[in-house]
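Single-letter residue listing:
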Amino acid sequence: MSMRWRHIAFALASRSSVALLIKAAISFSVLLFVWWVVTDRLHLFTPLVLPSPVVVAESAWQLVFDPNLSLFAGGVYNGNLLGHALVSTGRVLLGFAAGVAVAVPLGVLIARSRTAEPYIDPVLQILRPIPPIAWTPLAILWFGIGLQAIVFLIFLGAFWPMLLNTISGVREVPKILGQAAASLGASRRQILFTVVLPAAIPFLFTGLRLSFGSAWITIVAAELIAASEGLGYLIMNARRILAAPDIIVGMLTIGLLGLGFDRLFRALERRLYDR
Amino acid sequence: MEDLLSAKHVSKVFESGRSKDVVVALQDISLEVKENEFVSIVGPSGCGKSTLLSIIGGFEKPTRGQVFLGGEPIDGPSRERGFVFQADALFQWLSVEENVSYGLRVQGYPRDKQREIVDRNLELVGLTKFRGLAPRQLSGGMRQRVAIARALATDPRILLLDEPFGALDVLTRKKMQDELARIWDQTHKTVVLVTHAIDEALLMSDRIFVMTRSPGRIRRSLDVELERPRSARDPRFHDLELWITDLIMDEVGDAG
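Chains F and X are the protein sequences, given in the same order. The opening position of the first sequence corresponds to residue 39 in our numbering, with each subsequent residue numbered one higher. The opening position of the second sequence corresponds to residue 2 in our numbering, with each subsequent residue numbered one higher.
Because the hints were derived from the structure by calculation, they are not lab data. You can trust all of the hints, since none of them are fake.
Okay, derived cross-link-like pairs now, DSS-like style, lysine-lysine, Cα gap no bigger than 27 Å in a straight line: (1) F/Lys213 with X/Lys62; (2) X/Lys62 with X/Lys21; (3) X/Lys190 with X/Lys176; (4) X/Lys175 with X/Lys190; (5) X/Lys114 with X/Lys190; (6) F/Lys213 with X/Lys21.
The following label-pair restraints were derived from C-beta to C-beta distances: (7) F/Phe103 with X/Leu134: 48 to 56 Å; (8) F/Arg308 with X/Gly109: 26 to 34 Å; (9) X/Ala182 with F/Ala135: 49 to 57 Å; (10) F/Ala135 with X/Val14: 46 to 54 Å; (11) F/Val140 with X/Arg221: 53 to 61 Å; (12) F/Ala139 with X/Thr129: 36 to 44 Å; (13) X/Thr129 with F/Leu147: 39 to 47 Å; (14) F/Leu230 with X/His239: 44 to 52 Å; (15) F/Pro167 with X/Val14: 38 to 46 Å; (16) X/Glu16 with F/Ala154: 20 to 28 Å; (17) F/Leu230 with X/Ser140: 27 to 35 Å; (18) F/Ala154 with X/Arg137: 33 to 41 Å; (19) X/Asp22 with F/Leu295: 51 to 59 Å.
Derived, one-sided and incomplete: chain F residues facing chain X with beta-carbon distance under 10 Å: (20) Pro212; (21) Ile214; (22) Gln217; (23) Ala218; (24) Ala219; (25) Ala220; (26) Gln228; (27) Val233.
Quantities reported herein were computed from a predicted structural model and do not represent experimental measurements. C-beta atoms are modelled at their ideal positions from N, C-alpha and C, and glycine is treated no differently.
With these hints in hand, go ahead and build the complete structure from the sequences.
Printed below as a string of structure tokens:
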């Protein structure tokens, strides 16, 4: 009993987070209201260009619950929103995992090895400014239209932020931490795994978040061109058949999923680093 | 008694890349430290005393000369030489207890042995109650006590202290000096302490090396024969302090 009261008291006392939530709710409501007024009330735009929020909501409902749509199917009006979202998320996770798996060891190598760095760094400096999307034609030539090409593009999107953050994270670890560990008997390998990487966790997590964000941006662009399912495809196909509400539903889904994953990474980081 | 640590004709020259400027940080340093001896190296900032300790720690290589521990030349850091840094070098992602047991873990001590050693060392520095906390929940003085416990846990042959209280406020510093004197009384670990605080050196040392700068050299070594526990109020303590101060000031005057 008293515990429960203490919990409630605590929740009320942490006013800042409650206040933040209220402010966010207010600004979203205002945005929605303005959108509704300019479309449904003032009719400033034709529904073909900017449909009202009510129509968008209906269309979202339909994309999720229409029994004529199945979870996994080809065309947009055969696959439902959940299906497209799952396909996109799966592709992102694949490319993201591959990007991180390559970027972290490479970043550690570049940051820790004076021998390897001058060989690897110049090549990376030239490749880095090329946006992943610019690789699309080449990716299609290499892999054809399909999963491999898309995962390759996402891999590139995820790779760079992770690499750069790994390099700075490892370089920023104070030298004396490694020295302290060495004087306590740790081997080079032990220092890497028990000191350097844990000390770099804040950077690594920033890398993970940026890299996931970048992968998420890349998927949509990649699916616009080289896919027959997924959220990017949903949007592109909706444009082709002039279904503006579906475009907006697709965009909002992308935004919400991106936000959700970002929050997930933050929560994970707090669990791992803040004791 | 046998010399545990000896530096033989150690010089360190830093070259600043392009201009070929050469800075002689240490010139022909030789010193010996006996088993169970508490030795301090004092000198003005920039005299190279931290560089010297870094070389003894194995973090830097001397340009000329060599340092020996128990007759073996020093080549890189090792668990034989415990080190406490001026800056906070605790592992922030580990608890106090895990910091102290770190060396035992990487050296593969059995668990019950780890526990026993950690208990003893936390007790020694008076932090038993804080074992579960994270380093950043502690004050600066407490953090340095953890660092000392961590370095002592693996029972190194020698303990190297690089201005361990340099970042602390005056009062905390005084308390920590008493604390270190007490810890040394209990362990009689061989210690090399680098400090610019002459009173700190006098409070604890059997022997003090006074360094001067440009280039860094040992100007003098003196045995401190005051009985322990020592007090800064002792007139003999005070005389020695003034005498060493003059020794250093002389040199600073010469150089300036």
